[in-house]
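Chemist: This is what each chain is made of:
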Amino acid sequence: MRILNFTKLGKAFLCAGHLLCASTMALAELVGNTEVEIRHDSNINNAQLANDIAGDSSLSAGISATGFFPLENGNSLSISGESRGEAFNHYTGLNNVSLGAALAFRKKWALGPYAPWIGLSLSSARLNYANDIRNGWRHQATIRGGKRILERWDVRAEYMVERRTANALPPDQPGISGDVFSQTSRAMTLNAEYTWSNSIFLAFGSLLRYGDVVASTREILTDVYKTYPGYYVAAPTRETAKIISASKAIAADPVFGPHFYAYRMTGTTYGLNVDMNIAVTPHSMLRASIVRQLTHAEGDNGYAKNVATLSWNYNF
Amino acid sequence: MSKLHSTPCILFASLMFARTALSSAGELHAFIKDQNGQPIEDAVVLATPVDGRNAALPGQARNEMDQIGKEYVPHVKVVTTGSNLYFPNKDNIRHHVYSFSPAKVFELPLYSGTSAPPVLFDKTGLVTLGCNIHDWMLGYIYVADTPFFGKSAKDGKILIADVPAGEYSVRVWHPDMKWAEESTVRKVTLDVTQAANMEWQLTLKPVFRIPRASGSTGAAYR
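Protein chains in written order, with this note's numbering: chain A, 4 to 319; chain B, 5 to 226.
Hints may contain errors.
Where chain A lies over chain B, by a calculated footprint (3+ residues, C-beta under 8 Å) [what the hints assert, rightly or not]:
id: 1; region: 126-138
id: 2; region: 145-153
id: 3; region: 200-212
Pair ranges (Cβ atoms, derived) [stated by the list, open to error]:
id: 4; chain 1: A; residue 1: A171; chain 2: B; residue 2: P92; range: 55 to 65 Å
id: 5; chain 1: B; residue 1: K94; chain 2: A; residue 2: W315; range: 50 to 60 Å
id: 6; chain 1: A; residue 1: Y162; chain 2: B; residue 2: K127; range: 39 to 49 Å
Here are the computed lysine-lysine pairs in the DSSO-like style, where the Cα-Cα straight-line distance is at most 30 Å [to be verified]:
id: 7; chain 1: B; residue 1: K74; chain 2: A; residue 2: K150
id: 8; chain 1: B; residue 1: K209; chain 2: A; residue 2: K150
id: 9; chain 1: A; residue 1: K150; chain 2: B; residue 2: K37
id: 10; chain 1: B; residue 1: K74; chain 2: B; residue 2: K191
id: 11; chain 1: A; residue 1: K111; chain 2: B; residue 2: K108
id: 12; chain 1: B; residue 1: K209; chain 2: A; residue 2: K110
It should be emphasised that the hints constitute simulated quantities derived from the structure, not laboratory data.
Just so it is clear, CB atoms sit at the ideal spot from N, CA and C, and this is done for glycine as well.
Produce the complete structure using the sequences and hints provided.
Modeler: Okay, here's the thing in structure tokens:
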């Protein structure tokens with residue numbers, strides 16, 4: 004894996020570190036978090052055709068630290084840093100490490116757990132992959148809010164704008180950009196959490212996302228047609244033509260094999276998720292999650308995927 | 005020398021006298037268990053004289069409800085009406101104590117250490133405590149109208165000592181009990197000859213506390 008060059012982020016973290024130290028002196032609260040996660044994605048390359056779909060599992064671990072600053076009138080400010088690593092079972096080119104920071108502000112309109120709240124956050128993270136074509140930055144701006152509506156029901160909504168920047172790759176197709184992994188998207192999620200018991204919590208969520216999606220599929224650029232005896236004409240398959248015509252960028256994607264290409268298209272994703280959270284101890288939570296996502300991309304393209312996750316989270 | 009030898013005898017006689025004097029007060033032993041027969045911690049037993057004696061109580065000198073490790077300690081605290089209660093914050097962070105309970109509505113905005121003024125609990129009843137920073141923090145103050153009370157330990161046992169002889173109305177309260185406190189009321193007559201033993205079996209309801217641990221960093225903080 005390429006050696007990370009986090010100079011800019013390092014400076015940001017130094018600043019954050021200074022702020023955290025200063026805030027600690029001012030009775031800020033420092034919250035640490037570690038997480039280990041096992042994840043299986045049934046369609047990790049977002050492929051449409053059955054022959055191209057690749058599923059894979061990954062193991063990831065992360066650690067984060069949050070400096071939490073309660074302010075007057077129910078407001079709070081937090082600054083956090085997170086580092087994470089993920090290793091895949093088959094497609095090791097997707098192995099990655101990330102280092103990020105976030106700044107968040109929250110406002111609560113009354114006292115107690117039933118008070119409505121709203122939060123704003125900005126975050127940036129650097130992601131470096133074993134295969135560096137995906138290397139880049141991820142920036143997110145999020146507004147979220149929620150309210151505990153009943154003793155056992157807590158609801159929240161979130162709207163996020165995400166921008167990912169990656170190194171532009173050389174064009175593979177004439178007239179089409181090679182900058183596949185630079186993406187912009189907007190996503191809205193609605194979540195409801197139900198307290199099943201004192202230690203078991205069920206969460207139900209829905210996702211509506213619009214923006215760039217990247218699908219990696221096998222290079223099947225041509226079908227060979229026999230026009231008349233002795234003469235053959237090569238032409239894109241119908242599926243490939245659909246993908247190419249809808250793509251804003253195309254680049255070779257060796258992560259999934261020598262004949263795979265990544266296509267960036269605009270699409271709308273609909274998602275549903277069900278989570279079960281088990282409070283193992285007052286400081287740790289075990290989470291099992293199932294996600295179903297359907298994406299409809301331009302040009303009558305689309306893909307579906309299921310993601311199953313098992314994670315263990317420890318706060319300290 | 006004889007005076008010196010007589011000193012232990014005088015002390016012994018004094019102790020015996022004191023014991024005799026104390027024995028004019030009765031004892032109440034209680035055991036509280038749940039619907040499965042398991043002992044219940046933090047159950048409160050209150051004995052109120054039927055004839056109304058000691059109904060009006062002077063406040064206790066000093067009482068504290070600590071905040072340690074982002075929890076209220078103890079989880080359940082019993083004080084008598086008219087008590088001043090301090091809320092020392094023994095964490096090295098700030099807490100924001102509040103209560104919406106009819107028995108006492110109050111708020112101690114963000115503070116650390118022992119800077120918060122005491123709160124006067126001048127009305128009988130239950131006061132539920134929360135923290136506006138840490139939603140999972142939950143504590144209870146039971147403001148009692150009698151000085152004769154006790155709180156169960158992990159073994160479910162309670163001893164209320166030095167209760168003057170007489171007839172009492174005894175009741176039990178627990179934060180998770182399903183039925184009203186009034187359903188537990190019993191009458192007992194305490195005398196100096198033997199301790200009264202009482203036992204309650206409470207039906208507890210599920211408790212839905214906000215989890216302290218969260219799936220993502222900071223999610224438990226609002």
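Chemist: Checking one constraint from the list: CA of K74 of chain B to CA of K150 of chain A, max 30 Å. Satisfied?
Modeler: 22 Å, holds
Chemist: Looking only at beta-carbon atoms, does the pair Y162 of chain A, K127 of chain B fall within the given range of 39 to 49 Å?
Modeler: Given about 45 Å between the Cβ atoms, the range holds.
Chemist: Is it true that the C-beta distance of A171 of chain A to P92 of chain B lies inside 55 to 65 Å, as the hint says?
Modeler: Since A171 of chain A and P92 of chain B have Cβ atoms about 60 Å apart, the given range 55 to 65 Å holds.
Chemist: For the region 145-153 of chain B, count the residues whose Cβ lies under 8 Å from any Cβ of chain A; is that count three or more?
Modeler: violated (count 0)
Chemist: Count the residues of the region 200-212 of chain B with a beta-carbon closer than 8 Å to any beta-carbon of chain A: does the count reach three?
Modeler: holds (count 3)
Chemist: Mind checking, does the region 126-138 of chain B have 3 or more residues with a CB under 8 Å from chain A?
Modeler: Holds: 3 residues of the region 126-138 of chain B have a Cβ under 8 Å from chain A.
Chemist: Do the beta carbons of K94 of chain B and W315 of chain A sit within 50 to 60 Å of each other?
Modeler: 30 Å, violated
Chemist: Taken at face value, is the distance from the CA of K37 of chain B to the CA of K150 of chain A at most 30 Å?
Modeler: 36 Å, violated
Chemist: Within a Cα-Cα threshold of 30 Å, do K209 of chain B and K110 of chain A meet the stated pairing?
Modeler: Outside the cut-off at roughly 33 Å; violated.
Chemist: For K111 of chain A and K108 of chain B, compute the direct alpha-carbon distance and say whether it is at most 30 Å.
Modeler: Judged against 30 Å, a Cα distance of about 23 Å means the pair holds.
Chemist: Hey, K209 of chain B versus K150 of chain A, does the alpha-carbon distance stay inside 30 Å?
Modeler: Cα-Cα ~24 Å, so holds.
Chemist: Within a Cα-Cα threshold of 30 Å, do K74 of chain B and K191 of chain B meet the stated pairing?
Modeler: 40 Å, violated
Hint compliance for this structure: hints 2, 5, 9, 10, 12 are not met, and every other hint is.
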